[in-house]
Structures are given as structure tokens and as C-alpha cells.
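Residue strings, one per chain:
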Amino acid sequence: MAVAEKRILLKYADEPGYTPDIECYKKHGGYQMLEKTLKMKPEDISAEIMTSGVRGRGGAGFPMGMKMKFLDRKSGKPIYLVCNADESEPGTFKDRQIMYKDPHQLIEGMMITAYAINAKLAFIYIRGEMQEGARILENAIKEAREGGYLGDKILDSDYSCDMVVHRGAGAYICGEETGLLESLEGKRPNPRIKPPFFPAVLGLYQCPTLVNNVETLCNVKHIVEMGGEEYAKIGRPNNTGTRIWSVSGHVNKPGYFEFECGALTYGELIYDVCGGIPNGRKLKAVIPGGSSAKVLRADERFKGKLKDGTEFDWSIEDIPLDFDGPMAAGSMSGSGAVIVMDDTTDMVEAMANINAFYAHESCGQCTPCREGALWLKKVTTRMVNGGAREEDADLLKSIADQIEGRTICAFGEAAAWPVQSFVAKFKDEFIEKARAQANGAGKNGKMGAFTLA
Amino acid sequence: MELKTELVEEIDALIPKYPEKRSAVLMLLHKVQEDQGYISPEAVQWIAEKLELQPINVQELVTFYPMLRQEPIGKVHVKVCRTLPCALNGAYATCEKLQSELNCKLGGTSPDGNFTIEFVECIASCGTGPVVHVDETMHENIRPENATELADQLKAQVKSS
Ligand SMILES: Cc1cc2nc3c(=O)[nH]c(=O)nc-3n(C[C@H](O)[C@H](O)[C@H](O)COP(=O)(O)O)c2cc1C
Ligand code: SF4
Ligand code: FES
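Sequences listed follow chains V and L, in order.
So the first sequence is numbered by the numbering used here: it starts at 102 and just counts up by one.
So the second sequence is numbered by the numbering used here: it starts at 112 and just counts up by one.
Rather than coming from a laboratory, the hints here were simulated on the basis of the structure.
Treat each hint with caution, since some may be false.
Subject to a maximum C-alpha distance of 20 Å in a straight line, what follows is the list of computed SDA-like cross-link-like pairs (lysine to any residue) [as the list claims (entries may be wrong)]:
#1 LYS202(V) / GLY218(L)
#2 LYS128(L) / ASP253(V)
#3 LYS354(V) / ARG254(L)
#4 LYS288(V) / LEU125(L)
#5 LYS243(V) / ASP123(L)
#6 LYS128(L) / ARG236(V)
#7 LYS202(V) / GLU120(L)
#8 LYS132(L) / GLU286(V)
#9 LYS479(V) / VAL231(L)
#10 LYS128(L) / LYS479(V)
#11 LYS186(L) / GLN232(V)
#12 LYS128(L) / GLY249(V)
#13 LYS243(V) / GLU120(L)
One side only, chain V facing chain L, incomplete, derived with CB under 10 Å [what the hints assert, rightly or not]:
#14 PRO191
#15 ASN219
#16 ALA272
#17 GLU286
#18 VAL302
#19 SER349
#20 ASN353
#21 GLY356
#22 TYR357
#23 ALA438
#24 ASP443
#25 ILE455
#26 CYS464
#27 LEU496
Derived list of chain L stretches under chain V, where covered just means 3 residues or more per stretch with a C-beta under 8 Å from a C-beta of chain V [said to hold, decoys possible]:
#28 168-176
#29 193-205
#30 234-240
Given the structure is predicted, the values throughout are model-derived calculations rather than measurements.
C-beta atoms are modelled at their ideal positions from N, C-alpha and C, and glycine is treated no differently.
Chain V on its own, in the form it takes in the complex (with noise of 0.2 Å):
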């Protein structure tokens, strides 16, 4: 039996019947946790925070309390929020279905969030293509102003707080928090060298700025509502609440679930809650955490010893759905994005294409990462065109190292990754790849041939 989903975030997203609207979010009990919030201490709410241990969304899962005591109070220049809702990372889509189904429910967790910071301005950062996404919150806010619920002296307390809604326009470094920051001051979007640029002291105007992610953002008012406390007691330690995950590729049913951490595996995931692999092909790869991640392969072992000591011995099916779980296989959660690839996948093709993604998605500015990316590409496009050499595994591996820490921010490792994993755990496929074009396959594949049928 299928482990059941713990919906908090989405429980009421999907009803039936329920809608966006002002008046809907507060029959569901909306807007109550802002009013219990504004009568308490914003240090107060800073330690439930802290206390629910809450790790973020985005990707990095670096815990939101530590980054809310990282900001710099002292400086007497003007607090920001922002809220990363630019989710570019390939194979997310779980921050849409809380902006377009329950934005109020973002609104909410933020506003209390501002409070807590004692921040004036509150930014949401979308990405371009949600163009009605921006309209349902752009719709939301004005709602929630004329609620009262934020703007000036929100429900008549001294506290003051508006919001803005800030469209990107189509490229994924925008959802790296510093590049989001340069592209909110009108800027192009390149990311800032950290330290010193740590948004939590220089961000925004160079003026201390939290960013989080959405999901990240929504649990706040869950946070509050049940207590810090309470909330760790979701999930496991170090990997409380619930997680919404995205699953796509080779599954019968993809879509987005929402569980508490580690209740279930991949394997769980995979098999019992989508059905598994269609056409009763079987499992190869996944990548557990978006694109940027180390991609895991079906008959691979993974050992080891857990943080609290405990040896481990899995399969990627044994693998919990959590944060620590896929960091202790060598990978990583990042965004609960798990792309699944069945026998069929020529995996010199998916690296092809995730190549392409990241030498169009560079910003540029540090050497290695913008010819690294492309030379990637380049290669592995040569490959999937006929061009394969039994020496480009290795040749990959070489490029992808010379990146990988040697850049500004973290796309660099995010390029790198996908890399160094498909060529360490398939090399053979890619010399074969190589053999079979020198014993006449010639072009066996083109980019993109990639079908079910």
C-alpha cells in the first residue's frame, strides 16, 4: 500500500471548489495566522522558525531560521523580503500550484515572514512565462490590501508592509538569489561573488535581504500556526515538515505529491504512488533532485554511515525522501524535482540535452563555466550526431572538473554535476556509443530522438 500524502500546503489547492479568491482562502481559515502574528514579538516568531528546524526549498536546503539570524539588524538600512518563485530548476513545478491555486496561502506565509524580519517591502520574484501566474497574485495582493492585510497599518496594528510582484523574463540564473537580486535592481542577471555579497547583508540595494523560496515561504504560517516544535515533529530530524515533489520523465503517473520527509523511499515514490514505469519497461536512472543533481543509477549500491552513526546499504529504491537521504547516495534533494529515465534512454542523449540547457542558461561571467558549458554541449552534440570518440567520456569528465568550483555561484557545480555522475556511472554507454558510429551505426541518433512510442 501506497504510503498516504500529508498535504498541508496543498490541502486545500485541489478541492473541489475551491478557488483563489480572498473570500475562499478565508473561509478556509485564511489570514488568521497574520492576525495571531501581529499581536506577538517578531523575535518570537523568528525562534518558532528556528525551532521547526524548516530547511529550504530552493535547492540548497540551508535552514531558513539560521539565514533570518544572519541578517544584518544593526545596519539601519531598510530590510527586504523576497520570495524565489523564478522555479527554473528542469523538472520543478510545485511553486505554480500553490501561486496559481492558493496564492493568498504565499501572501499569508510572506507577510508574516516580513513581520518577523520587520522588513517595509516585499518583492515576489516570477518567472517571465507565468504571465497569469503574475496576474493571480497581482489580483491576490490587491485583495489582500483592500483586506487589510497588508499595505498600511495591516489590520490596524503600526506595522506597515507592501508588496510587488516582479516578473523575470526567461532565463534560469534569475533563480540563483543574487542573480535574482541584480535582475530586481534592473540589472543584468549576474550573480554576486559570496562573501561579501551574502544576501543577508548585502542584497537587495545593498541592503540586508531574505530570500526564500516559495514552498519555504508557506510553511511560515504552518510554523505558527501548530508551533515550532509541533512542526519538527513532522518528518525526521534535521528533515522536518512535509516536502511537495515533482515527478516526471518515465513514470506512469507524474505529477506533484506532497509527503512528509522520509515517510516514503524513491522506490515507494516510484512504483507505488506513480505506477511505476510504463509499458512494463524497467527503472535506470534517476535524478533525484532537478537537473543540477547527481544523477543515481537503478543497480548502483549505495553505502555508508548516517550522521547519527547508523551504516546504510541501499538501492536507489531504499533511498528516503527526504533531504539527507539522497545527500548520503552522493546526490542531492535540491528541489524535489525527480526526473525518472527508464531502459530505453540513451544516456548520451538525456546528457546532451541537459548539456544544451545549461551552455544557453550561463550568465557569462567566469570563464570556466561559460566555455565549460558550451564545450560540454559541443561535445556531447557531436556525439549524438555521428561524431562520438571512445576518448570523449574522459574528455567530459576533464572539462566538467575544470568547472566545478572554479566560479562565482553555484551554477557552475549545478553544469558540472550531471556531468562527472553520467560519465563516472555510464561510461560504457558513451564508449559504446563511440564503437557502435566506428562499426557503421554512424548517426544513431540524432538529438532528441527521445520517444515512448
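Dock chain L with the ligands against chain V, hints included.
Below, chain L with the ligands without anything else, positioned relative to chain V:
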């Protein structure tokens, strides 16, 4: 360059939302492109003056962001997601089908000026891929098998407009 009065009003309302004028530039570019179809050199100049920037500060955004363009396109903008999850489910074949059905080459505009087809990177709807974003509407599960249906729908849409 003359912009419609309502558009200028919208723009004037947008700018003061930001602590610094320059922040509004991307939103202004969206507004102008939605109205005019693309960003002309005159539009760059106009926006720069409006926000007290150098034209290069605006131009360098137009050349950076994939959604901004310097040339007009067809009446209907067809964007096919080509990133891995969509590709695993046939996005490339879907794209080929759409190209032949709409008589339009990838990256170009059909001779009748009706369609422009482009590949785009993941648009956050991977669970229902392949996805095709047409103007502002998301079409989901567009497998090669049912791409013709979508093409017919788009052709009818152009005819009735
Ligand atoms: C290349 C790159 C792309 C990213 N894209 C996103 C994104 O689309 N959405 C997101 O929330 N975080 C993204 N992140 C992570 C952000 O930099 C940042 O860590 C996050 O917004 C912090 O919020 P959280 O702590 O709530 O996760 C990206 C990071 C990198 C390096
Ligand atoms: S690593 Fe790549 S994306 Fe990040 S700043 Fe450098 S060039 Fe830009
Ligand atoms: S890969 Fe196509 S929408 Fe994400």
C-alpha cells in the same frame, strides 16, 4: 516614439512601486513588448529616458533575456519545451510535427506570417510534458500523436482572429 496613453499610465503607475526607478526596467520592457510585439531601438531609447538610464543599460537586458526580442514575430508564438523531462516524452518529435503542420521552421516565422516556433527551456510543467506554451496559454501532454490536433486548433484560432 509615441506610446498609447493607457500604456504610459500603466508605466507611470509601475515605477513608484520600486525604491529605485531602475528596478522597473524589466517590467517596462514586458509592457512595451506585449504592446508592440518586440523591443525596437526607439523603445530602448524611450525606456532609458523614462528611467534616467543610458540606452545601453536597457539594451543589454534585451540581448540577455530569452523572452525579450528585437524583431517582430508571427501572430501566434509557439514555444515548445525541449528540456529533459519533456524530451523524454517526445518533445522533439512533437516539435517536428508542429513545424510541418504549421509550415514553420524552428526558430523562424511561417511564410504567411501566422506562426513562430521556438524551443524554450523547462517552463515548470514537466509532469504534463511535452508542454507547448502558445502565447500565454499552456498546452499540456502534447505528444507527437496529438500534435496535429493542437496545430489544427491554432490554425482555426488564427482564422477566427
Ligand atoms: C543556478 C541556480 C538556480 C536556482 N534556481 C532556483 C529557483 O528557480 N528557485 C528557487 O527557489 N531557488 C533557486 N536556487 C536557489 C537559490 O539560490 C536560493 O538558495 C533559494 O532561493 C533560497 O531559498 P530557500 O532557502 O527557501 O530554498 C537556484 C540556485 C542556483 C545556483
Ligand atoms: S558560474 Fe556561470 S552562471 Fe554563475 S556567475 Fe559564473 S558564469 Fe555566471
Ligand atoms: S521540462 Fe518541459 S516543462 Fe519542465
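(request) Give me the numbers of the hints this structure contradicts, sorted from smallest to largest. (result) 1, 7, 10, 15, 18, 20 and 27
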